[in-house]
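Trainee: Listed here are the chains, written in short residue letters.
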Amino acid sequence: MSDPKEVLVPVPDIGDFDAVPVIEILVGVGDRVRKEDLLVTLESDKTTMDIPSPAAGVVREIAVAVGDRVSQGSPLLHLMEEVDDDSKPSATPPTSPPSSETASPSPEGADDSPLETEPESLSASPDESMPMTSDPTTSAGGSESPALVEVFIPNIGEFSDVPVIDVLVRVGDEIAIEDPLITLESDKSAMDIPSTVAGTIAEIAVQSGDRVSEGALVATVESLAPSATPGGERAQAGAVDPSPAADSNASIDPKPPASSAPVSTPTLDDPRAPRGSPTASLAPEPERTHPLSHATPAMRRFARELGVDLLAVKGTGRKGRILREDINIFVKDALAKTSASSPPAVGLAPIPEVDFAKFGEIETRPLARIKRISGPHLHRSWVNVPHVTSHEEADITELEAFRQSIKTEAKAQGIRITLLAFITHAVARALKEYPNFNASLGPGGDTLVLKKYVHIGIAVDTPGGLMVPVLRDADRKGIYEIAKEMASLGERAREGALKPDEMRGGTFSISSLGGIGGTAFTPIINAPEAAILGLSRTRMRPIWDGEAFRPRLMLPLDLSWDHRIVDGAEAARFLAHLSASLNDVRRLLL
Amino acid sequence: MSASSIETQVLVLGAGPGGYTAAFRAADLGLRTVLVERYPTLGGVCLNVGCIPSKALLHTAEVIDGARELGERGVAFESMSIDRERLSKWKDKVVAGLTRGLSGLAKQRKVQVVHGNGRFVDPHRLVVESERGSVEIAFERAIIAAGSRPALLPGLPEDDPRVMDSTKALALDDIPSRLLVVGGGIIGLEMATVYAALGSWVSVVEWQDGLLPGTDRDLVKPLEDRLRKRLESIRLATKTTEVVAEKEGIRVAFQSSNEAAASGGGGADEALFDRVLVAIGRRPNGHLIGAQAAGVKVDERGFIPVDDGQRTNIPHIHAIGDIAGEPMLAHKATHEGKTAAEICAGHKVGMDARAIPSVAYTDPEVAWTGLGEGEAKAKGIEVEKAVFPWAASGRALGIGRKEGFTKLLFEPGGGRLLGAGIVGPHAGDLIAQATLAIEMGADAQDIALTIHPHPTLSETLNFAAEIAEGTITDLYLPRRT
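Listed in order, the protein sequences are those of chains A and B.
End of the first sequence sits at 1594 in this note's numbering; the numbers just go up one at a time, nothing left out.
End of the second sequence sits at 510 in this note's numbering; the numbers just go up one at a time, nothing left out.
Don't take every hint at face value.
As the list claims (entries may be wrong) - Quick partial rundown of chain B residues pointing at chain A, CB under 10 Å, derived from the structure:
hint, residue
1, 376
2, 378
3, 379
4, 381
5, 383
6, 385
7, 445
8, 468
Claimed, not checked - Straight line, CA to CA, 30 Å or less: simulated DSS-like cross-link-like pairs of lysine-lysine:
hint, chain 1, residue 1, chain 2, residue 2
9, A, 1341, B, 377
10, B, 408, A, 1318
11, B, 84, B, 136
12, A, 1455, A, 1503
13, A, 1039, B, 408
14, A, 1318, B, 136
15, B, 197, B, 122
16, A, 1323, B, 377
17, B, 258, B, 84
18, A, 1503, A, 1436
19, A, 1318, A, 1455
20, B, 326, B, 377
21, A, 1436, A, 1456
22, B, 84, A, 1323
23, A, 1503, A, 1456
24, B, 122, B, 84
25, A, 1336, B, 377
26, A, 1481, A, 1415
27, A, 1481, A, 1436
28, B, 377, B, 136
29, B, 139, B, 122
Because the hints were derived from the structure by calculation, they are not lab data.
Predicted, not measured: the structure shown is a model, and the values here were computed from it.
Glycine is no exception: its CB is placed at the ideal position from the N, C-alpha and C atoms.
The task is simple: from the sequences and hints, build the whole structure.
Mentor: Below, the structure is given as structure tokens:
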């Protein structure tokens, strides 16, 4: 027997992000989801992240709306979990707690207390409650009826009236969740609108050339997931008594209100009482599903004054109690964060608005979504971090010759061996040598956090904008491995298919404009990293070797570094070391 | 009839415990405050015709009963006589002292008190009518604290002094030889306790099938057992179908839906009483204050819905106390009054109490706070219950009251205290500690490790927590496996 248990799905660990907006809800009430199916999409600083389901089950209730801001632990939705376990009746059997027996075997008085409460438990055995739950899994045998589910255009940023450039499905097609239905043309790139349900396409509501906006109907899908039956609704409504017996003294009304009966009346077959009585697993308990914060009344008032959500505060007192200091620290942190992200962070007057139309024709377009997200982040880094950029050159004539020599061999293994792979490898090794470049300032700025791992972020130009996937443990990978992984990350970045995990945890970044041009530039550090390496275009240049000018292939290196963490001499040494290893690849063996 | 007008920052309608608290707090926060009260004295139901006089009489009842019980211990008082008039006057003096005190407190704070019936005429004006004329009060913010009134049983003989509500019963005009109390809730049982101690032969009739409906049954049992010994009868699951005033008394017809009684003789009977007290609950006064003129929403029953800042749907008008919802308790009203006043003064506060204690000042007292066991069951909240029987408390035995017990409900697995129920003498005082523990987020270990004075009844909370912890030594419990 499968035993449904309603679980609350909270926002999982999403890194350091806090109060991130929900930009899309990928499931609807009644949808059946599998473990790892995507539930909602959140927008963080740098990217969007999809939150997968921790379990299989049926969505009973969605606790968030598009636009809501959530943090780790915020409730997302209620899932009627499907567990196959017939050994246990229910997670919370509605029988009286076991301690009632151990607690009152006392000489006298004991005979009084438990007797009155015992019969209540009889009316609420888990078995009786089963018919009321309309458990979808039990109906899997035959009564499963397909439901028509409409798929709409989700939140697509600020775009509206976007043209449909391709319809990818036809009526009758079988589709899975996430299968693309149509392609829209946005600002710069095409975006596919995926299906939010699995099933068969019953109707397509758009055609190529149509212009659509968020909320427009895309298609109707005959879904296989059974929708919540009305019986289930009723069971829930009946099982929970919303109104407490308020005027319980009032005996005017000859007909007892149904609501006041069940609690104090231990009748076995009262027709008014919902059969099977409230089972613990079904009764929604809005109060208790969110654990109450552990804070005294005075601290709750203090938090309210400051507008602090105590559920977001970590208590450091005994047993996790939230102390005044915890609230203070929380507020200080929050202030530090907001002041860092608010545009005039250094108290400068904002750039005055200009009516450009006065000077000629203009066109206003929305900023691409990634730009809108990355903009404040870059600005924050630029304003908060004292940047210095050092320049150096590496003679990569030999390296390039070597790369060319192994290109075919690599290709045979399905690897496109790039210069960037070599540079990344060299950087990873240099970082082990110069750990300050692989460090971050600790909270408060008076400690240095040295990372024992080397995760290198590689800036990738994508149709939507700049993205920075992270190559993990670059110091422990060979050049082939690096090349292979970089290709995969880059490809998925361009497809917009990176997972949130693949874009965080970086310790150092590389931004390569070498394929495009430029002799030097000053990259912005991806704070809180300590530095970023910029690569400009490699050029064949005459280099004086003491006797003559020789044509050498020179790679310009631009290293921006955080002057709070390192200084000029260190940066020069780091660059010299890097340049030397690129000059002579044999050094990479050392 | 003269008409005058006043302008104020804060208007408080109703000078019960919630209203005067709100007014005094608002004034202390520097706001110009007007307090409107329809009765000549401040204090509302609680002070004048509720908590205070009833507790004065209940204490008297306790002493009388205590003296009677001393007989078992070989102490007998030759004769006891009750001078009803003197007792009533003493009680009135207690009340008068307090209400006079309140008037003084209002004066010291420069809270202007206007007597008369107040009705809103628009969202910023209220008119107070009295024999002396009408006063129009223009306000920036208002706090409605207009309370509740006793619910009436339809079909009662009108203007018969023998049919009383709680107010009239507290006036103590007579000690009837046979009294019927309609309603087995807190008020009904408290008055039954008083009149029984003063010598009346008291019957209680309750339409639901237990006394103190809504309260955990185990807590009510010791009270019911004791009441059954002292009262003429307790009829449960019984409706009062007819109340007829006759010359020699009030004839009341009952219809029982109790199966046993019904099978016995149809469940219908009748009896003659000297007086009848109707205590079947209270009705909020939401419909009596012209709320619609101010745009304030009032529900069908007369309650005014509010948010956690006690704001009504009209944000500058607050409602507190009985009129703002259950439970109708003075200590809830005062707390809400302070919250509303502070919000009027611009403070960012709100009602977020995790537990509101309730007390029936009966003998024994029944008190509970936070989550009840029945409520937990109904809501599907798992709890760990620990019950300490007072039969194992030296102090309880010393006062001859072993029927009580202290029940604590914890989050399972060593979690925090969620609720508590206590029955026994002074349960109302003891429940405060449990309420504090809930607010502070104390768990069983916290309470068990807090040293309680010995020998006191307060120890029973300590012991109950020790039961939950498994560290109790004042009882022997078989090992948990």
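Trainee: Does residue 468 (chain B) meet its interface restraint, that is, does its C-beta lie within less than 10 Å of any C-beta in chain A?
Mentor: holds, 5 Å
Trainee: With the threshold set at 30 Å, check whether the alpha-carbon distance from residue 1039 (chain A) to residue 408 (chain B) stays at or below it.
Mentor: Between residue 1039 (chain A) and residue 408 (chain B) the Cα gap is close to 29 Å, so the pair holds against 30 Å.
Trainee: Within 30 Å, alpha carbon to alpha carbon, are residue 377 (chain B) and residue 136 (chain B)?
Mentor: holds, 28 Å
Trainee: Is residue 1341 (chain A) close enough to residue 377 (chain B), meaning Cα to Cα at most 30 Å?
Mentor: holds, 23 Å
Trainee: Next pair to validate is residue 197 (chain B) with residue 122 (chain B); report whether the Cα-Cα distance is within 30 Å.
Mentor: Holds, because 17 Å separates the two Cα atoms, which is no more than 30 Å.
Trainee: Hey, residue 1503 (chain A) versus residue 1436 (chain A), does the alpha-carbon distance stay inside 30 Å?
Mentor: Holds, because 27 Å separates the two Cα atoms, which is no more than 30 Å.
Trainee: Holds or violated: are the alpha carbons of residue 139 (chain B) and residue 122 (chain B) at most 30 Å from each other?
Mentor: holds, 25 Å
Trainee: Would the pair residue 1323 (chain A) and residue 377 (chain B) pass a check requiring their Cα atoms to be no farther apart than 30 Å?
Mentor: holds, 28 Å
Trainee: At a threshold of 10 Å, is the proposed contact between residue 445 (chain B) and chain A supported by beta-carbon distances?
Mentor: Interface hint status for residue 445 (chain B): holds (8 Å vs cutoff 10 Å).
Trainee: Take the C-alpha atoms of residue 1436 (chain A) and residue 1456 (chain A), compute the straight-line distance between them, and say whether it is at most 30 Å.
Mentor: Holds. Residue 1436 (chain A) to residue 1456 (chain A) sits at ~8 Å (cutoff 30 Å).
Trainee: Tell me if the interface restraint on residue 379 (chain B) is satisfied: Cβ within less than 10 Å of some Cβ in chain A.
Mentor: holds, 6 Å
Trainee: With the threshold set at 30 Å, check whether the alpha-carbon distance from residue 1336 (chain A) to residue 377 (chain B) stays at or below it.
Mentor: holds, 19 Å
Checked against the numbered hints given earlier, the structure breaks hints 6, 14, 22 and satisfies all the rest.
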